[in-house]
Amino acid sequence: MSFEWPWQYNFPPFFTLQPNVDTRQKQLAAWCSLALSYCRHHKLYTLDVMEAQESPVFNNKKIERKLSMEAIQVVFEELRKKGNLEWLDKNKSRCLVMWRRPEEWGKLIYQWVSKNGMVNSVFTLYELSNGDDTEGEEFHGLEEWMLLRSLQALQTEGKAEVITIDDGKGVKFF
Amino acid sequence: MIKCTHRLIWRDVKNHECCIAMPLSQILFFEEQAAGIGKSAKIVIHLHPTLTNKEPGPYQHSKYSFIKLSFKEHGQIEFYRRLTEEMTQKRWENTPVSQPIPTGTGSQAGRTRAVGIVGIERKIEEKRKETDKNISEAFEDLSKLMVKAKEMVELSRSIANKIKDKQGDITEDETIRFKSYLLSMGIANPVTRETHGSGTHYHLQLAKQLGDMLQAPLEERGGMMALTEVYCLVNRARGMELLSPEDLVNACKMFESLKLPLRLRVFDSGVMVVQLQSHSEEEMIASALDSVSDKGSLTAEEFAKLLGLSVLLSKERLLLAEKMGHLCRDDSVEGLRFYPNLF
Numbered sequence: 001m002s003f004e005w006p007w008q009y010n011f012p013p014f015f016t017l018q019p020n021v022d023t024r025q026k027q028l029a030a031w032c033s034l035a036l037s038y039c040r041h042h043k044l045y046t047l048d049v050m051e052a053q054e055s056p057v058f059n060n061k062k063i064e065r066k067l068s069m070e071a072i073q074v075v076f077e078e079l080r081k082k083g084n085l086e087w088l089d090k091n092k093s094r095c096l097v098m099w100r101r102p103e104e105w106g107k108l109i110y111q112w113v114s115k116n117g118m119v120n121s122v123f124t125l126y127e128l129s130n131g132d133d134t135e136g137e138e139f140h141g142l143e144e145w146m147l148l149r150s151l152q153a154l155q156t157e158g159k160a161e162v163i164t165i166d167d168g169k170g171v172k173f174f
Numbered sequence: 001m002i003k004c005t006h007r008l009i010w011r012d013v014k015n016h017e018c019c020i021a022m023p024l025s026q027i028l029f030f031e032e033q034a035a036g037i038g039k040s041a042k043i044v045i046h047l048h049p050t051l052t053n054k055e056p057g058p059y060q061h062s063k064y065s066f067i068k069l070s071f072k073e074h075g076q077i078e079f080y081r082r083l084t085e086e087m088t089q090k091r092w093e094n095t096p097v098s099q100p101i102p103t104g105t106g107s108q109a110g111r112t113r114a115v116g117i118v119g120i121e122r123k124i125e126e127k128r129k130e131t132d133k134n135i136s137e138a139f140e141d142l143s144k145l146m147v148k149a150k151e152m153v154e155l156s157r158s159i160a161n162k163i164k165d166k167q168g169d170i171t172e173d174e175t176i177r178f179k180s181y182l183l184s185m186g187i188a189n190p191v192t193r194e195t196h197g198s199g200t201h202y203h204l205q206l207a208k209q210l211g212d213m214l215q216a217p218l219e220e221r222g223g224m225m226a227l228t229e230v231y232c233l234v235n236r237a238r239g240m241e242l243l244s245p246e247d248l249v250n251a252c253k254m255f256e257s258l259k260l261p262l263r264l265r266v267f268d269s270g271v272m273v274v275q276l277q278s279h280s281e282e283e284m285i286a287s288a289l290d291s292v293s294d295k296g297s298l299t300a301e302e303f304a305k306l307l308g309l310s311v312l313l314s315k316e317r318l319l320l321a322e323k324m325g326h327l328c329r330d331d332s333v334e335g336l337r338f339y340p341n342l343f
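Chains U and P, in that order, are what the protein sequence lines are. Reminder that position 16 of the first sequence reads as 16 in UniProt numbering, one-by-one numbering, no gaps. Reminder that position 284 of the second sequence reads as 284 in UniProt numbering, one-by-one numbering, no gaps.
Source of the hints: derived by calculation from the structure; they are not laboratory data. Check each hint, because a few of them may be wrong.
[Stated by the list, open to error] Here are the computed lysine-lysine pairs in the DSSO-like style, where the Cα-Cα straight-line distance is at most 30 Å: (1) U/Lys82 <-> U/Lys92; (2) U/Lys62 <-> P/Lys295; (3) P/Lys162 <-> P/Lys150; (4) P/Lys323 <-> U/Lys62; (5) P/Lys323 <-> U/Lys82; (6) P/Lys295 <-> U/Lys26; (7) U/Lys90 <-> U/Lys169; (8) U/Lys82 <-> U/Lys66.
Using the sequences plus the hints, can you model the full thing?
Given below as structure tokens:
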């Protein structure tokens, strides 16, 4: 299934940061949802800012418009405020994109666990993300750092506990 | 023989009471004569003709115009050198009592040799005075022209008054024609600083006059004119007694208080325009939105061409529509375009 671009993607003013405050808010909201859905579609978990400028998300070659560096930073800042983005370094050159927040992932995982009656059992992280059982689930192929965060989110909710098994990590569900 | 700075003094070796003095200023020229066999070295001094106030000396007159100084033991070299020094310096010329300094041109008479900073300052001052004089000379003609112009204005004013008085006798046509001539030459009864003085009273009258004058041009241009255009139009019509920009702005500021149908309006970017009061901004913006929607997108230049407005004013209108949220902008290397706000 190929990615469906929203109508704004082909609207040239979309690529210019609007000076009118109201217009800008709507514009940024559209950008955030576009960026997140693109990452979700391609299962991208990290973004490099330099590469992003050339990526088709921020650069529409068909209408010959692209977002300026300044505008990209504004969009990323907006995402960060919403909790969907985390900077990996101080220079703001790489970031983690959480098109689904850790709490949401945690909820999905727990749903699967309780659906299959596997509460009170222990899993290794690898099993959860790459096991045969979880194939077909949305969280299959989830990167370790994301999985860990989602499990930590469940931990704070009291539904799971992260433990260390041998030389790796595991989780017990309650 | 003693040489001092101003004179040569010969003192008799034997009789010290006896001296002969000769002022150095008398010396025209001197030369050395080498010693020979049986002859001692000599310095020959050629003299100016005697002055009338010469003090009594050994001889009152002489048929020779030179004297010879004889040196026995090589004293002449030193003496020659010293004498040359004195002659070149001519120190006796420095005292004001003796010869006056040769003067240059008459304007510099009495000026002592200027040295150092004081001299430089004085030179600058002189130069400045010269320049001032030149400028005021150059503008003499212009002040004569101003006098003539005043007469012309008086003349046209008197005729305008006569027309007013004789309103009934002269036909409408002729009055109108004459007034149009006056207008092309200069406004009939131009409001000048002299007639109404400066200050608010002047600006009030000016505002009234502008109110009358600008109605027609404003309507032609769709109800709005940039202040620079107004300035050009008004001054071109006036011909003489031009308005300064400050006067124009101050007069325009009074439109509202005088309840005239014009308004001065300042945009965010600082552009000032005069517009008709009946001119409604919402209408303008709505029509701008229509035009942009029709064409899909517009640049300021295209919009200007469409409406027959100046580029500056059309840009202002588009920016205002954007501020209201009706339009959004697309800023790229191709330029600034405006689209209807679909967000």
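We went through each hint and held it up to the structure:
1. In summary, the hint linking U/Lys82 to U/Lys92 is supported, as the alpha carbons are separated by about 17 Å, within the 30 Å threshold.
2. Proximity of U/Lys62 to P/Lys295 is assessed by CA-CA distance (about 21 Å); at most 30 Å being required, the pair is judged to hold.
3. Note on P/Lys162 and P/Lys150: the hinted pairing holds, with a Cα-Cα distance of about 18 Å set against a maximum of 30 Å.
4. Taking the CA atoms of P/Lys323 and U/Lys62, the gap is near 29 Å; set against the 30 Å cutoff, the hint holds.
5. At roughly 27 Å between alpha-carbon atoms, P/Lys323 and U/Lys82 fall within 30 Å of each other, so this suggested pair holds.
6. Of the supplied pair hints, the one linking P/Lys295 and U/Lys26 holds, its CA atoms being roughly 24 Å apart against a limit of 30 Å.
7. About 28 Å separates the Cα atoms of U/Lys90 and U/Lys169, which keeps this hinted pair within 30 Å; it holds.
8. Pair hint U/Lys82 plus U/Lys66 holds up; C-alpha atoms about 23 Å apart against a cutoff of 30 Å.
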